[in-house]
Structure formats: structure tokens, C-alpha cells
Amino acid sequence: MPVASSEFIHPADAAALENLRAIPLFNTCLSAFLKLGLERYVHGVFLSKNIRLSERQLPDIYKHLPPICELFGIRVPDLYLEMSPYPDAYTIGEENVSICLTSGLLEIMDEEELHAVIAHECGHIACQHMLYHTLAQFLLFTGANLFMPLEIVAEPVKMALRYWNRRCELSADRAGAVAVGSSKPIVSTMIRLAGGPRSITDAVNLDVYLEQAEAYEKLSDSKWDKALQSVAVQFTDHPFLAVRTREIREWGATDQFQRLVQAIAEQKGPKCAKCGRAMDPKWKFCNHCGAGVTASAITAR
Numbered sequence: 005m006p007v008a009s010s011e012f013i014h015p016a017d018a019a020a021l022e023n024l025r026a027i028p029l030f031n032t033c034l035s036a037f038l039k040l041g042l043e044r045y046v047h048g049v050f051l052s053k054n055i056r057l058s059e060r061q062l063p064d065i066y067k068h069l070p071p072i073c074e075l076f077g078i079r080v081p082d083l084y085l086e087m088s089p090y091p092d093a094y095t096i097g098e099e100n101v102s103i104c105l106t107s108g109l110l111e112i113m114d115e116e117e118l119h120a121v122i123a124h125e126c127g128h129i130a131c132q133h134m135l136y137h138t139l140a141q142f143l144l145f146t147g148a149n150l151f152m153p154l155e156i157v158a159e160p161v162k163m164a165l166r167y168w169n170r171r172c173e174l175s176a177d178r179a180g181a182v183a184v185g186s187s188k189p190i191v192s193t194m195i196r197l198a199g200g201p202r203s204i205t206d207a208v209n210l211d212v213y214l215e216q217a218e219a220y221e222k223l224s225d226s227k228w229d230k231a232l233q234s235v236a237v238q239f240t241d242h243p244f245l246a247v248r249t250r251e252i253r254e255w256g257a258t259d260q261f262q263r264l265v266q267a268i269a270e271q272k273g274p275k276c277a278k279c280g281r282a283m284d285p286k287w288k289f290c291n292h293c294g295a296g297v298t299a300s301a302i303t304a305r
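Each residue of the sequence shown is one higher than the one before, counting from 5 in my numbering.
If you're looking for bench data, these hints aren't it; they were derived computationally from the structure.
Be aware that one or more of the hints could be misleading.
[To be verified] Using 30 Å as the maximum straight-line C-alpha spacing, the simulated DSS-like pairs for lysine-lysine come out as follows: (1) Lys288 with Lys278; (2) Lys288 with Lys272; (3) Lys67 with Lys275.
Remember, it's a predicted structure, so these values are computed and weren't measured experimentally.
Work out the full structure: start from the sequences and follow the hints.
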């Protein structure tokens, strides 16, 4: 049975979305967005500029996607590789969803971190973020000139979208943790994004980094520092990495998360003896590590 998004959606995400829907003319904005055919535009751009992954195209990367989609009970989206030195992953579209990973991301992530990142993106789909998430990306990065009749309300809509987008990322981080069964790969991903490749960040002291995250949170004790950080964050579409680190560490330690991970483990079938990941009994090779499947290479669940 797929994991329901209600098991991991962040309360602040759900609350912010309700506030977003209450904005005057928001439905008009959505209608305008849908009529522009922007999904088809993005589909064409991705096909022309990026590499579409599949079982036959870079399968070692693509193999992460299908089991995650099965876990969350979502349709498998298109997966693309984009040439960019900047480590990033993003998901766009509502009817026809595409996930895009940059080459810079793949260069700094290990296998478990990459699995968590792809699960993060699938979490947006599972939480039904995509209509609003896609609108946010076009309004924030393409500009209000595409929505000329809405210029008067564009800035309030942008601010509300940014506020919600920062909260929805917390839900997606939780989805990543659910897929890998631990919050640790999410934390290490934050460290990679903050400090760079594994050759550097493998030596980062996690406890000291978490102390840094706590120090950032304590800035809110000062009204002036809190005001300054409010200004710093209001024009961002993602929470600061320190905030995400603290949030996922705290949720990963809850009974709710532990029960969810245990329930998922109990539903899964046999595990690969080499990597320990759950396997489909029909697989001839482990889709996670590539090990050949024999009777001796499978352990009972």
C-alpha cells in the first residue's frame, strides 16, 4: 500500500496553502496560467536541451525513480539531466510532470543522497504541490510580464507563493527521509549544498554543523536579529539550509517517523544481501546496487 502524503506533510505547508487559496483573484491567476500552455513549452525545452533518462538511458540514475513512485503511489514522471555546474533538482508541470537533475548535483551526491533528492522531488508530486509549485516557478523566475492582466496583484501573489514554497520544501524533505528510512541522508545533502563536493564535506563534523543550525535559530531571541532575518528570507523560495537541517532532524527523531519507517519495512519484500535494500521478487538484478539476484543473494524481509 502506498504511503499517503498525510503521513508526512508538514503542518506549516498545509496551513500556508490554505492561506494561498484565500488570496483574491488567485483562481484567476491559476486559470491564466493553465491557458498559456506553459507545460508544453517546458516539455519542448527539456526535450531540446536536456537528456531524458530511462531504463535505456543512464539507467544507473533512472533506477532510483520507479521504486520511489511506487512507494508514494504516483505516476512515474519524466526524468531529465541538465548540464549545469550548480547542484540543483526541480520538478515542474501538473498534468505532465518532469523532474530535472543537474550534472552539478550528481557530482556531489552519493547514491543514498541522490535517492533522497529524487524522493524529495517526488514528494512534491505526492503532496499535490505541483499546480502551485509550477505557478510559483513561473511567476518568481519568469516574471509577471507573462501575466499582464495580473500585474496589480503579482507582487502579493509572489510573496504568498514564496512563503508557501518555503513550507512545502519541508514536506518534500520529509518525503526524502521516508524513502531512505532515515533523516541522515537529508542532513548530509544539506551539508553538500552548503559546502560543496564530498572531497570537502565528507570531513564536516555533523555535530558542529547542527550547533551552527541551533545558533541560527537562537537569532530569533533578539528582536532586531529576527527582523533582519525576516527581511533576508522573504525573497527566497527555499528555507535556509540550517532551518531545513533542524526541521528534518527533529522530525526524524519522532515516534511518528519511526512508526512510518517500520510500517514500510514490514510491507516490503525480500532484501538484497549486498546492499540491504528492498527488492521486487521479479528482478534479475538489484535495481539499487546492480548485484545479480540468486537464491543466496536474497534475504528474507
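Consistency of the hints with the structure:
1. As the CA atoms of Lys288 and Lys278 are separated by approximately 14 Å, the hinted pair is consistent with the 30 Å bound.
2. Distance restraint check for Lys288 and Lys272: the Cα-Cα separation of roughly 17 Å lies within the 30 Å cut-off, and the hinted pair is therefore satisfied.
3. For the proposed pair Lys67 and Lys275, the alpha carbon gap of about 16 Å is at most 30 Å, so the pair holds.
Of the numbered hints given earlier, the model fails none.
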